[in-house]
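Construct the complete structure from the given sequences, taking the supplied hints into account.
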Amino acid sequence: MTGPVRSLPGAWISGIGLLGPGLRDWPGGAAMLAGEAPWVPANTVLSAPQQLPAAERRRSVRVVKLALTVGLEAVAAAGADASGLATVFSSSGGDGHNCHLICEALASDDRQVSPTRFHNSVHNAAAGYWGIATGATAPAAVLCAFDGSFAAGLLEALVQVSVERVPSLLIAYDADYPEPLRAARPVPDAFGTALLLTPEPGATNFGRVRAGLTTAAADTLADPALDALRRAIPAARSLPLLAAIARGESGRIVLDYLDHSRVAVDFTA
Amino acid sequence: MNPLLISRYTATSCLGRGIGPMRDALAVGRSGLKPCDLDGVALETWIGEVAGADDEALPSHLHSFNCRNNRLAQIGFNQDGFADAVRDAMARHGAERIGVFLGTSTAGILETELAYQRRDPLTGALPVDFNYAGSHNPFSVAAFVQAAFGLAGPANVVSSACSSSAKVFASARRMIEAGLIDAAIVGGVDSLCLTTLYGFASLELTSRQACRPFDLERDGISIGEAAAFALLERVSGPLADDAILLLGVGESSDAYHMSSPHPEGLGARRAMAAALVAAGLEPGDIDYINLHGTATPSNDSAESRAVRALFGASTPCSSTKGATGHTLGAAGGVEAVIAALALRDGFLPGSPNTRDPEPDMNYLLASRPAPVRRVLSNSFGFGGTNCSLVLGRVR
Numbered sequence: 001m002t003g004p005v006r007s008l009p010g011a012w013i014s015g016i017g018l019l020g021p022g023l024r025d026w027p028g029g030a031a032m033l034a035g036e037a038p039w040v041p042a043n044t045v046l047s048a049p050q051q052l053p054a055a056e057r058r059r060s061v062r063v064v065k066l067a068l069t070v071g072l073e074a075v076a077a078a079g080a081d082a083s084g085l086a087t088v089f090s091s092s093g094g095d096g097h098n099c100h101l102i103c104e105a106l107a108s109d110d111r112q113v114s115p116t117r118f119h120n121s122v123h124n125a126a127a128g129y130w131g132i133a134t135g136a137t138a139p140a141a142v143l144c145a146f147d148g149s150f151a152a153g154l155l156e157a158l159v160q161v162s163v164e165r166v167p168s169l170l171i172a173y174d175a176d177y178p179e180p181l182r183a184a185r186p187v188p189d190a191f192g193t194a195l196l197l198t199p200e201p202g203a204t205n206f207g208r209v210r211a212g213l214t215t216a217a218a219d220t221l222a223d224p225a226l227d228a229l230r231r232a233i234p235a236a237r238s239l240p241l242l243a244a245i246a247r248g249e250s251g252r253i254v255l256d257y258l259d260h261s262r263v264a265v266d267f268t269a
Numbered sequence: 001m002n003p004l005l006i007s008r009y010t011a012t013s014c015l016g017r018g019i020g021p022m023r024d025a026l027a028v029g030r031s032g033l034k035p036c037d038l039d040g041v042a043l044e045t046w047i048g049e050v051a052g053a054d055d056e057a058l059p060s061h062l063h064s065f066n067c068r069n070n071r072l073a074q075i076g077f078n079q080d081g082f083a084d085a086v087r088d089a090m091a092r093h094g095a096e097r098i099g100v101f102l103g104t105s106t107a108g109i110l111e112t113e114l115a116y117q118r119r120d121p122l123t124g125a126l127p128v129d130f131n132y133a134g135s136h137n138p139f140s141v142a143a144f145v146q147a148a149f150g151l152a153g154p155a156n157v158v159s160s161a162c163s164s165s166a167k168v169f170a171s172a173r174r175m176i177e178a179g180l181i182d183a184a185i186v187g188g189v190d191s192l193c194l195t196t197l198y199g200f201a202s203l204e205l206t207s208r209q210a211c212r213p214f215d216l217e218r219d220g221i222s223i224g225e226a227a228a229f230a231l232l233e234r235v236s237g238p239l240a241d242d243a244i245l246l247l248g249v250g251e252s253s254d255a256y257h258m259s260s261p262h263p264e265g266l267g268a269r270r271a272m273a274a275a276l277v278a279a280g281l282e283p284g285d286i287d288y289i290n291l292h293g294t295a296t297p298s299n300d301s302a303e304s305r306a307v308r309a310l311f312g313a314s315t316p317c318s319s320t321k322g323a324t325g326h327t328l329g330a331a332g333g334v335e336a337v338i339a340a341l342a343l344r345d346g347f348l349p350g351s352p353n354t355r356d357p358e359p360d361m362n363y364l365l366a367s368r369p370a371p372v373r374r375v376l377s378n379s380f381g382f383g384g385t386n387c388s389l390v391l392g393r394v395r
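Those protein sequence lines, which keep their order, are chains D and X. Per full-length UniProt numbering: the first sequence = residues 1 to 269. Per full-length UniProt numbering: the second sequence = residues 1 to 395.
Keep in mind the hints are simulated off the structure, nothing from the lab. Don't be surprised by glycine CBs; every beta carbon is placed ideally from N, CA and C. It is possible that part of the hints are untrue.
[As the list claims (entries may be wrong)] Partial chain X-side listing against chain D, Cβ under 8 Å, derived:
1) SER105
2) GLU113
3) TYR116
4) GLY124
5) ALA125
6) LEU126
7) PHE139
8) SER171
9) GLY267
Structure (structure tokens):
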């Protein structure tokens with residue numbers, strides 16, 4: 001993709017959610033990404049949303065809390081009704097701590113895996129809890145494209161909006177892996193973001209995006225500390241786009257995707 | 001929706017490699033299931049294993065992808081001329097115009113399970129030869145298939161448990177419709193591992209015998225493994241009478257429970273109804289339903305209610321999991337291939353191991369020849385994720 005991307009799938013951004021290290025929500029994070037406030041690294045604080053029934057709240061693992069929190073923030077920002085929304089969940093992996101406990105049990109003599117641990121191990125755990133929390137019966141796509149999972153989810157959601165002419169809530173999230181998995185998959189903390197993408201501009205409007213494939217290199221962030229965050233957690237590969245939205249700066253943003261291609265996003269503030 | 005051509009398809013499961021053995025097994029009602037004899041697995045259960053999967057060698061430049069799941073993928077795409085069909089499509093459309101969308105539930109997590117048995121006794125570290133990206137990560141199978149063919153278009157894995165490789169048809173269809181790609185490799189690959197064997201056992205969802213879908217005495221699933229692939233393309237030019245088309249896709253979510261379906265099968269019913277609407281068809285237009293039919297008491301009960309509510313009691317239907325086992329993230333792909341075979345060869349597949357089926361349904365115990373023009377295939381997963389496909393032949 002070299003020229004303008006007019007014929008490619010596009011959508012309006014009607015709501016945003018954000019949670020990550022030193023980033024508590026979109027309004028606070030946007031100020032930091034716009035350079036209006038300093039970004040102070042701190043461990044991501046996760047909690048299970050009240051919308052979940054008590055039993056599910058108790059059982060929810062880190063990726064579930066993360067995904068639901070950012071998804072609900074984006075929906076609330078847009079004043080939308082979550083129960084009617086199609087969703088795209090994209091993550092580079094499931095819950096690392098849950099996976100570690102299962103692998104540890106399977107390597108032990110008795111090999112007993114608890115039923116809750118097993119159902120939390122599926123890649124679509126967050127999508128399942130989301131449905132229980134919101135009552136959403138619309139389709140949920142649950143994707144993985146390793147470090148390019150955010151861009152894969154963005155493509156899927158934009159295509160859904162363009163083809164089906166329905167809103168699509170993209171929820172991209174990744175959480176940390178404990179040792180010994182962390183040595184092989186060094187994801188240090190939790191980061192999630194959600195974009196409510198709509199075929200028409202919503203009451204709250206953060207701008208418009210169109211996307212296609214490119215072979216150009218991915219954009220980096222000017223702040224070395226924030227760029228380190230971008231590289232450390234797959235879902236944080238979204239940060240160059242989020243920074244452009246925060247600054248209200250129209251232009252082309254290139255995001256990490258696959259080995260052979262990136263996703264170019266034309267953003268109009 | 002605009003119909004898409006399924007220009008080539010193949011499936012490898014415990015029934016054998018490619019569609020020939022699968023077709024023969026379905027015709028005579030042969031099951032590929034056997035009592036679990038996996039090394040060190042002390043579970044009283046049956047499995048559907050692909051013989052010789054571990055003897056498959058990946059090319060040296062793809063060694064970082066070496067795991068049972070990708071070995072199975074390679075066995076799978078080398079059957080039935082599928083690899084040649086992909087290369088032909090690349091020549092026609094270009095490597096960057098073909099997407100890869102594959103379903104899996106556990107990818108190569110078996111490698112991680114085995115690595116945990118070889119941790120350093122002092123530090124707890126995993127062995128240095130463990131490769132997370134090429135095996136454990138869900139995307140590994142799509143990355144492997146892209147690398148094996150030199151494809152450069154969009155790619156992702158769909159991992160929504162047992163609906164994964166049905167939902168890839170929906171993703172690919174939208175990408176083609178949006179004009180991002182001209183063709184897509186879709187399908188699913190899932191391989192036997194301890195997580196699913198012990199996990200489903202912990203939920204008391206595995207049977208101690210070969211699974212008996214829709215039987216009144218059914219008592220759980222038999223886990224299988226498989227690799228299924230289909231090449232989806234836009235329809236262009238005249239088609240043969242027996243060309244296979246993807247006519248409709250319907251998706252829904254239960255929003256009910258993580259490991260139990262909605263008891264009335266509301267999500268299943270919505271997915272089937274949406275697939276019919278997308279295809280522009282009425283329930284009476286469907287000649288055969290390939291049921292999800294896992295053989296757990298609650299799944300089959302919910303699905304039978306949903307089917308009766310939408311279709312009544314007369315549409316011929318069966319689950320083929322008594323033959324293949326439940327291949328989880330590959331099941332939607334495997335059963336799309338079975339639907340294609342039923343359409344191409346004109347037969348209604350039966351249900352090995354099932355003896356006394358649910359009443360008030362036209363449930364097929366034995367296979368029989370019949371003209372088949374349109375098939376509905378159901379895939380419903382853990383976490384309440386549902387997808388139904390409608391396949392048809394041109395004439």
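Of the hints stated earlier, which fail here?
Checked against the structure, no hint fails, so every one of them is satisfied.
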